[in-house]
Every structure is written in structure tokens, then in C-alpha cells.
Amino acid sequence: MHGGIAQEIQYVMDFGASPNQALMAGTCHAAKVCGLEESIGTLEPGKFGDIIGVKGNPLEDIAALKRVKTVISRARIKYQDEG
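Here the sequence shown stands for residues 1 to 83, numbered as in our numbering.
Treat the hints loosely; a few may be bogus.
[To be verified] 20 angstroms max Cα-Cα, derived EDC-like pairs, lysine to aspartate or glutamate:
1) Lys69 - Glu37
2) Lys47 - Glu8
3) Lys55 - Asp81
4) Lys69 - Glu82
5) Lys78 - Glu37
6) Lys47 - Asp61
7) Lys32 - Asp50
8) Lys66 - Glu44
9) Lys66 - Glu82
10) Lys55 - Glu82
11) Lys32 - Glu44
12) Lys47 - Glu37
13) Lys66 - Asp14
14) Lys55 - Glu37
15) Lys69 - Asp50
16) Lys32 - Glu8
[Claimed, not checked] Just the calculated beta-carbon pair ranges, DEER-fashion:
17) Gly53 - Gln7: 16 to 24 angstroms
18) Val54 - Cys28: 17 to 25 angstroms
19) Asp61 - Phe15: 12 to 20 angstroms
20) Cys34 - Ile72: 36 to 44 angstroms
21) Asp14 - Pro45: 13 to 21 angstroms
22) Arg67 - Asn20: 14 to 22 angstroms
23) Ile77 - Asp14: 31 to 39 angstroms
24) Gln21 - Lys66: 27 to 35 angstroms
25) Gly49 - Met13: 18 to 26 angstroms
26) Met13 - Glu37: 31 to 39 angstroms
27) Glu8 - Ile51: 17 to 25 angstroms
28) Ala30 - Val71: 23 to 31 angstroms
Simulated from the structure, these hints should not be mistaken for lab results.
Don't be surprised by glycine CBs; every beta carbon is placed ideally from N, CA and C.
Given these sequences and hints, build the entire structure.
Written out as C-alpha cells, the structure reads:
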């Protein structure tokens with residue numbers, strides 16, 4: 001389901017992954033498993049790079065992924081929390 005990745009990353013950590021490992025599982029490793037690593041999964045020239053900005057550092061507090069402040073998709077700001 002769209003929008004559930006933050007919870008899924010938390011589940012990965014619940015099974016013992018570090019925050020960095022969990023973030024990679026939800027991004028570059030997930031793209032590779034789906035056979036899409038040539039177009040998504042990392043921020044590189046020529047790839048589709050959707051980005052979220054969060055309040056806090058997810059490497060220190062993974063719950064920061066649930067505090068989305070900005071969403072950038074296809075080079076356009078799709079959401080920006082003004083608060």
C-alpha cells in the first residue's frame with residue numbers, strides 16, 4: 001500500500017536491522033529485488049528520484065520517516081508542510 005514504507009522500515013528494524021540497513025532495504029535493495037535498479041532505488045543521474053524531507057534524522061530516530069515535511073517527485077515539489 002502506498003504510504004506504508006515508514007512502517008515497513010520499522011518492521012525491518014524490529015527484526016534486528018540497523019537504521020541504515022533498514023533504509024537500504026526499503027530503497028535500493030527493494031528496487032533490485034523488483035528488477036528496477038536501473039531506474040529507481042538510489043539518487044543518481046538518469047534515475048527517477050522521488051525524495052522526502054523529514055523532521056529529524058531517521059538514522060537516529062526511524063520514526064522521523066513518519067514526520068514528512070516535503071515530498072519531491074519528478075523534480076517538482078508535491079507537498080510541503082508549512083508548519
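Hints and how they fare:
no.: 1; hint: Lys69 - Glu37; result: violated (26 angstroms)
no.: 2; hint: Lys47 - Glu8; result: violated (23 angstroms)
no.: 3; hint: Lys55 - Asp81; result: holds (10 angstroms)
no.: 4; hint: Lys69 - Glu82; result: holds (8 angstroms)
no.: 5; hint: Lys78 - Glu37; result: violated (24 angstroms)
no.: 6; hint: Lys47 - Asp61; result: violated (28 angstroms)
no.: 7; hint: Lys32 - Asp50; result: holds (16 angstroms)
no.: 8; hint: Lys66 - Glu44; result: violated (24 angstroms)
no.: 9; hint: Lys66 - Glu82; result: holds (16 angstroms)
no.: 10; hint: Lys55 - Glu82; result: holds (12 angstroms)
no.: 11; hint: Lys32 - Glu44; result: holds (15 angstroms)
no.: 12; hint: Lys47 - Glu37; result: holds (9 angstroms)
no.: 13; hint: Lys66 - Asp14; result: holds (16 angstroms)
no.: 14; hint: Lys55 - Glu37; result: violated (27 angstroms)
no.: 15; hint: Lys69 - Asp50; result: holds (14 angstroms)
no.: 16; hint: Lys32 - Glu8; result: holds (17 angstroms)
no.: 17; hint: Gly53 - Gln7: 16 to 24 angstroms; result: holds (19 angstroms)
no.: 18; hint: Val54 - Cys28: 17 to 25 angstroms; result: holds (18 angstroms)
no.: 19; hint: Asp61 - Phe15: 12 to 20 angstroms; result: holds (18 angstroms)
no.: 20; hint: Cys34 - Ile72: 36 to 44 angstroms; result: violated (22 angstroms)
no.: 21; hint: Asp14 - Pro45: 13 to 21 angstroms; result: violated (35 angstroms)
no.: 22; hint: Arg67 - Asn20: 14 to 22 angstroms; result: holds (19 angstroms)
no.: 23; hint: Ile77 - Asp14: 31 to 39 angstroms; result: holds (32 angstroms)
no.: 24; hint: Gln21 - Lys66: 27 to 35 angstroms; result: violated (19 angstroms)
no.: 25; hint: Gly49 - Met13: 18 to 26 angstroms; result: holds (24 angstroms)
no.: 26; hint: Met13 - Glu37: 31 to 39 angstroms; result: violated (23 angstroms)
no.: 27; hint: Glu8 - Ile51: 17 to 25 angstroms; result: holds (18 angstroms)
no.: 28; hint: Ala30 - Val71: 23 to 31 angstroms; result: violated (18 angstroms)
When held up to the earlier numbered hints, the structure conflicts with 1, 2, 5, 6, 8, 14, 20, 21, 24, 26, 28 and fits the remainder.
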